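Trainee: Next come the chains, spelled out residue by residue.
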Amino acid sequence: MFKTLLARARQGNRTAPYPVPDPGLPALFRGRPVLDPAKCVDGCAACVDVCPTDALRVSEAGPELDLGRCIFCGDCVAACPEGAITLSRDWRLAASKREGLVATGDRPLQIDALGRELRRLLGRSLRLRQVSAGGCNGCEVEVNALGNVVFDASRFGIDFVASPRHADGVLVTGPVTANMKEALLITYEAIAEPKLVIAAGACAISGGLFRDHQEVSNGVEGLLPVDLYVPGCPPHPLTILDGLLRLLGRL
Amino acid sequence: MTHFARTRNAVPLRADAVPFVEIEIFRREVLQAVDAGGRLLLLTGLSRKNGETRLLAAIADDAQGEIALSSTIVGRAYPALTTDCPAAHHFEREIHEQWGVYPRGHPWLKPVRFPPAGPTIGKADFFTVAGAEIHEVAVGPVHAGIIEPGHFRFNCHGERVIHLEISLGYQHRGIERALQGGPHRGTLHLAETIAGDTTAGHTIAYCQIVEGLSGTACSPRAQTWRALALELERIANHIGDLGALAGDVGFLPAAAFCGRLRGDALNMTALLCGSRLGRGWIRPGGISLDPAAETLRELKRRLRDAERDMRNAVDLLWKSSSVRGRFENIGILTQQVAADLGAVGPPARASGVDRDARRDFPAPLYSERLPAVAVGDAGDVFARAQQRWREIENSIAFIGQLLDEPAGGAARSAAQEHGLAPNAIIASIVEGWRGEILHLALTDPAGRFAGYKIVDPSFRNWFALATAMRGQAITDFPLCNKSFNLSYCGHDL
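Taken in sequence, the protein lines are chains A and B. Each residue of the first sequence is one higher than the last, beginning at 1 in my numbering. Each residue of the second sequence is one higher than the last, beginning at 1 in my numbering.
Just chain A, same shape as in the assembly (with noise of 0.2 Å):
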């Protein structure tokens, strides 16, 4: 008992306050893309021609790149002969509406909370059940880490239960593999209503590197109704506890 305290004064509080200006995220950290319209030139697709998940477009209006295929490989960056993409620091990127999640120019994602009840209801306590349906371990690597000391979920009443009776929705990873589908439909089913859904990662939101795969749904494309889309390949724990608390009204 002694030397656990010993233990626990040693390694001291090691919880990050959030929300906090500057969380400290790596200095190479690629977040938020900033796309430069002006610095484009006429017939050139240098960048969509590199995505590996058809994100990019570009239009007269300059490039558009859609988070919710971005794997935040930064391939394009590379590809760019002008430097008109950039990957920024900025973590805040979910967003509530998928066609939302289309960046252009240096524009921050949208997210409308809830409406008054249902923040009345969850606002305090938010209880998820996870389900992985062909995610690689990297999603929920990061959706785990929200319950570590670190970014402890559970200070804001967010936590991850077991059972889907438990909770007021669920958060889904991974492209929605056809061994999963029903999995995860009965899952959902099970959940009491109000819920909520959850698309964590590029291959929930759009199938990711997977889309059109005959394995895959495209991730939850089509299935189920989706309160919250959660870019990244993988989301950083900060993207998704940013999400989930603008999403209840708590920032």
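Don't read these hints as lab results, they were simulated from the structure. Small disclaimer: the values here were computed from a predicted structure and weren't measured. Check before you lean on any hint, since a few could be wrong.
Calculated pairs, DSS-like style, for lysine-lysine (alpha carbon to alpha carbon, straight line, at most 25 Å) [to be verified]:
{"#": "1", "chain 1": "B", "residue 1": "Lys319", "chain 2": "A", "residue 2": "Lys3"}
{"#": "2", "chain 1": "A", "residue 1": "Lys181", "chain 2": "B", "residue 2": "Lys110"}
{"#": "3", "chain 1": "A", "residue 1": "Lys181", "chain 2": "B", "residue 2": "Lys123"}
{"#": "4", "chain 1": "A", "residue 1": "Lys97", "chain 2": "A", "residue 2": "Lys181"}
Far from chain B by the CB rule (all over 10 Å, computed), these chain A residues [what the hints assert, rightly or not]:
{"#": "5", "residue": "Arg10"}
{"#": "6", "residue": "Pro37"}
{"#": "7", "residue": "Pro108"}
{"#": "8", "residue": "Ser125"}
Computed, partial: chain B to chain A, Cβ under 10 Å [what the hints assert, rightly or not]:
{"#": "9", "residue": "Thr193"}
{"#": "10", "residue": "Thr199"}
{"#": "11", "residue": "Asp264"}
{"#": "12", "residue": "Leu271"}
No residue lacks a Cβ here, since even glycine has one placed at the ideal position from N, Cα and C.
Dock chain B against the given chain A, drawing on the hints supplied.
Mentor: Then chain B, alone, in the frame of chain A:
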């Protein structure tokens, strides 16, 4: 072993250099090679023509660091190797599922991944135990925690597990199929997501394939940073699992400390490349970013702090009798069973099987410097936990050496990613944190992948977990499972 072509890790051969022999000779020589101390690295279908399937076997000679390849042609059926070589058991189930070839005499050709064309997942014959007091506990595919899906069936007498049936395939995303015809713009990224927690391991295995087939040499400096990425991945996952083991026996202080320390290790990788999982760092020809001197100093400082705190957290585990009481003599994997099944990685080493690809198949990684290899003997949960810690210690010491004298050279050599050597075959081996990762590629006349085979260490180890559970209390399953911590998607692909 007369009808074998020999090569080394990541060194290509002309595809026609691999001998073709009659199935009787193939079977006899593969079994002889295994009897003589060789290890069945791979047994797989390779191609199909006119209703006939070409099977390929790869035998590892761990002492010499050599890979021996042989092949045969079979029709609809052939005499199974599993009856004489248990390590072939899962490979032959896979051959049956992927190629429709029937290995005669195989004990049970259960589906491996339930691909779209086959039977519906979950609707299968499972091994069952009968008897008045026998009951069955079914778990999954959706598990209690934030983990990947799989289906477990425990045949129990009271609390004692007589047999654990593991049925996977829920994570099947069609990766091997998607790699055919490549490399293309998504190939590298697919390799990064074969098993997300093993990004460095699988990406290096893939890059070695491309480099071998294009004759690209990575600089010693790039090799150094790749080794660093691999060891940081090992540390992060091992310390995370030690925390999870502590959590499974309700010892929350160590669970909390190790959970934080896992994040610290992931953040070290992020310091070097921006991604906690090392995404986007390892590229064919080397690495995308050469860390600055200032970054390396910061890494050293963080590693020193983390080591101190890890030691403190883990000491608490070893010195708590309540923890040791739950870890010791639980889930024993004997050396004999581990060797027979072809188990790899920490579970094999914790059972006394001295096998580590970093030492046994060093080229091109670890060609000059080697981390120490820890080997245990008891094969129980405690041995596997201690194994993880000893590997962490060795990795930290090794990283210290790497950082003290970083090698020279360019971060990245220009690697030709398209138009690889045509009609070639190459095997690439990397010791990931879970154990030996094998990628094998065959190219077509245009230098594109005609076949791409991935063997995650989990593919070899899942059945070892099932055997370790025999006779155990069902309540000890989470503990046994976590001490192996195998990958679902790495298996399901």
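Trainee: Does A/Pro108 sit more than 10 Å from chain B, CB to CB?
Mentor: The claim holds: A/Pro108 sits with its nearest Cβ about 20 Å from chain B, beyond 10 Å.
Trainee: Is the straight-line distance between the alpha-carbon of A/Lys181 and that of B/Lys110 25 Å or less?
Mentor: This hinted pair holds, its Cα atoms lying about 21 Å apart.
Trainee: Hint check: is the beta carbon of B/Asp264 less than 10 Å from a beta carbon of chain A?
Mentor: 9 Å, holds
Trainee: Go through the hint on B/Thr199 and say holds or violated, using the shortest Cβ distance to chain A against 10 Å.
Mentor: It holds, given that the least Cβ distance between B/Thr199 and chain A is near 7 Å, below 10 Å.
Trainee: If you take the shortest Cβ to Cβ gap from B/Leu271 to chain A, is it below 10 Å?
Mentor: Cβ of B/Leu271 sits 5 Å from chain A, so the hint holds.
Trainee: Classify the hint on B/Thr193 as holds or violated, based on whether any CB of chain A lies nearer than 10 Å to its CB.
Mentor: 4 Å, holds
Trainee: Holds or violated: B/Lys319 with A/Lys3, Cα cutoff 25 Å?
Mentor: Holds: B/Lys319 and A/Lys3 sit about 9 Å apart, inside 25 Å.
Trainee: Hey, A/Lys97 versus A/Lys181, does the alpha-carbon distance stay inside 25 Å?
Mentor: 23 Å, holds
Trainee: So is A/Arg10 really clear of chain B, every C-beta pair being over 10 Å apart?
Mentor: Its Cβ does come within 10 Å of chain B, the nearest being 6 Å, so this is violated.
Trainee: Test the statement that A/Pro37 is away from the interface with chain B: the closest C-beta pair must be farther apart than 10 Å.
Mentor: 24 Å, holds
Trainee: Checking one constraint from the list: CA of A/Lys181 to CA of B/Lys123, max 25 Å. Satisfied?
Mentor: Holds, at roughly 15 Å.
Trainee: For A/Ser125, which was marked as not at the interface, is the minimum beta-carbon distance to chain B over 10 Å?
Mentor: Non-interface label stands for A/Ser125: nearest chain B Cβ at 19 Å, farther than 10 Å.
Violated hint for the displayed structure: number 5, the only one.
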